[in-house]
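Enquirer: Residue numbers (the working numbering): 1 to 393.
Since the hints were derived computationally from the structure, they do not count as laboratory data. Treat the numbers as computed from the prediction; the structure is a model and nothing was measured. In this text, a Cβ means the ideal position worked out from N, Cα and C, and glycines have one as well. Check before you lean on any hint, since a few could be wrong.
Claimed, not checked - When the alpha-carbon atoms are kept at most 30 Å apart in a straight line, the in silico DSBU-like pairs for lysine-lysine are as follows: (1) K217 - K173; (2) K303 - K280; (3) K213 - K303; (4) K303 - K20; (5) K320 - K44; (6) K20 - K173; (7) K31 - K212; (8) K45 - K31; (9) K303 - K229; (10) K34 - K212; (11) K229 - K320; (12) K34 - K45; (13) K280 - K299; (14) K212 - K229; (15) K44 - K173; (16) K173 - K213; (17) K212 - K108; (18) K193 - K31; (19) K263 - K303; (20) K34 - K20; (21) K159 - K213; (22) K44 - K34; (23) K159 - K107; (24) K159 - K108.
Stated by the list, open to error - Using C-beta positions, here's what the derived DEER-type ranges look like: (25) K213 - V88: 48 to 58 Å; (26) M209 - N311: 46 to 56 Å; (27) V276 - G79: 21 to 31 Å.
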Amino acid sequence: MLQLKDLNLAREYSGVRGAKYTASEIAGQPKLWKEVYKLVLEKKKGLEEFLSPILILKDVRIILTGAGSSAFVGECVQGIMQAETQRVVQAIATTDLVTHPELFFLKKVPTLVISFARSGNSPESLEAVHLANLYCDRIFHLIITCNENGQVIQKSNFKNYYTFILPCIANDKGLAMTGSFTSMLLSAMLISKLSHVSNLQPQLHDAIMIAKKILSKYLPHIKNVARNKYERVIFLGSGPLLGIARECQLKLQELTDGRIICKHDSFLGFRHGPRVVTNKRSLIVYLFSNDDHVFQYEKDLVKEIAAGSTNLPAVCFGRKIPGLENSILDIEFENSTLQLNDFYIIPAVLTGQLLGFYKSIELGLMPDNPSVSGAINREVQGVTIYETAHILE
1 MLQLKDLNLA REYSGVRGAK YTASEIAGQP KLWKEVYKLV LEKKKGLEEF LSPILILKDV
61 RIILTGAGSS AFVGECVQGI MQAETQRVVQ AIATTDLVTH PELFFLKKVP TLVISFARSG
121 NSPESLEAVH LANLYCDRIF HLIITCNENG QVIQKSNFKN YYTFILPCIA NDKGLAMTGS
181 FTSMLLSAML ISKLSHVSNL QPQLHDAIMI AKKILSKYLP HIKNVARNKY ERVIFLGSGP
241 LLGIARECQL KLQELTDGRI ICKHDSFLGF RHGPRVVTNK RSLIVYLFSN DDHVFQYEKD
301 LVKEIAAGST NLPAVCFGRK IPGLENSILD IEFENSTLQL NDFYIIPAVL TGQLLGFYKS
361 IELGLMPDNP SVSGAINREV QGVTIYETAH ILE
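Produce the complete structure using the sequences and hints provided.
Expert: Right, here's the structure in full:
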């Protein structure tokens with residue numbers, strides 16, 4: 001029987017073949033976030049010199065792009081960046097830009113493309129940059145990457161660009177993106193708040209404290225949840241946490257080699273059809289907002305589901321709803337400073353990372369490389385880039 005005491009993830013799995021990299025990369029995120037903040041402060045002047053003339057343009061459009069988890073970074077930060085910059089911000093995956101550039105790029109509109117890339121070697125990453133240069137008259141590039149040797153940096157011949165290279169420890173060795181995802185997300189959030197970034201240390205400190213609490217107090221409880229015999233997991237989040245829910249979905253699905261089928265949605269959107277996916281062997285994970293107004297909508301759905309005939313077991317992140325009998329784990333934080341703290345969304349992704357890691361171990365897989373069939377790889381394979389057939393005017 002597991003003793004419910006604090007565990008050290010990196011130490012516990014340091015000698016376990018096929019698990020040590022992912023364990024250390026999940027556990028190392030709080031330290032990594034401190035390094036990212038320090039780096040943004042160091043690069044603040046250069047970032048401001050690059051971005052200020054662009055953001056002065058009132059009609060400038062910002063596209064956040066990447067593939068897979070890198071695309072989900074954009075989904076998480078889109079609303080936050082739009083509110084901070086007061087400029088139109090859209091998250092569009094490179095996998096969409098490459099196939100349909102004529103639908104997304106606007107020739108006469110000044111465009112800043114912010115590319116997220118762990119390795120920077122994805123064929124779509126390179127082609128998205130090329131197409132942006134081809135389709136837009138005024139184009140600017142900010143590349144946020146974990147690999148200083150990535151092809152998106154080495155082979156992209158273009159002007160008007162700035163490269164932000166994250167600390168080398170952000171370049172995960174494991175198949176599933178963990179520290180690379182959260183460090184790119186944090187860097188994008190900090191860059192969007194560049195004018196007052198020097199004042200954000202207390203807020204970031206609170207987010208780091210949440211992560212540390214998850215990685216100590218809640219680690220054995222999450223391990224116990226992963227032992228349950230569920231076959232489907234649904235992650236729900238609102239606003240920026242919807243992107244986090246999508247990343248959690250992918251993380252659990254990747255780390256279990258697709259044996260656990262996952263879905264994500266918003267709390268309000270879940271009622272509109274997607275709820276039909278649940279069955280008696282489903283687990284639902286609520287990523288609650290730290291905004292009291294938003295939480296009212298979320299709580300209504302939770303109570304409705306709890307009163308239903310299926311009475312799905314639930315994991316609750318961020319809040320505890322008194323009397324919620326179907327909750328098997330409440331990851332809660334009593335800290336008033338978390339109110340409307342944007343960085344709150346970052347440690348939320350540990351819920352999906354840890355459930356995925358422990359479920360992978362439970363299923364006899366190797367989290368560092370869980371794909372038994374080889375269907376997925378650390379760097380995407382098999383993509384051929386074709387010349388665009390559209391005529392540019």
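Enquirer: If a hint holds in the structure, say so; if it doesn't, say that too.
Expert: Quick rundown of the hints versus the structure:
no., hint, in the structure
1, K217 - K173, "holds (26 Å)"
2, K303 - K280, "holds (18 Å)"
3, K213 - K303, "holds (27 Å)"
4, K303 - K20, "violated (39 Å)"
5, K320 - K44, "violated (38 Å)"
6, K20 - K173, "holds (10 Å)"
7, K31 - K212, "holds (10 Å)"
8, K45 - K31, "holds (24 Å)"
9, K303 - K229, "holds (24 Å)"
10, K34 - K212, "holds (13 Å)"
11, K229 - K320, "holds (24 Å)"
12, K34 - K45, "holds (19 Å)"
13, K280 - K299, "holds (22 Å)"
14, K212 - K229, "holds (27 Å)"
15, K44 - K173, "holds (28 Å)"
16, K173 - K213, "holds (25 Å)"
17, K212 - K108, "violated (47 Å)"
18, K193 - K31, "holds (21 Å)"
19, K263 - K303, "holds (20 Å)"
20, K34 - K20, "holds (22 Å)"
21, K159 - K213, "violated (44 Å)"
22, K44 - K34, "holds (15 Å)"
23, K159 - K107, "holds (17 Å)"
24, K159 - K108, "holds (18 Å)"
25, K213 - V88: 48 to 58 Å, "violated (37 Å)"
26, M209 - N311: 46 to 56 Å, "violated (33 Å)"
27, V276 - G79: 21 to 31 Å, "holds (28 Å)"
The structure is inconsistent with the numbered hints 4, 5, 17, 21, 25, 26, although it conforms to all the rest.
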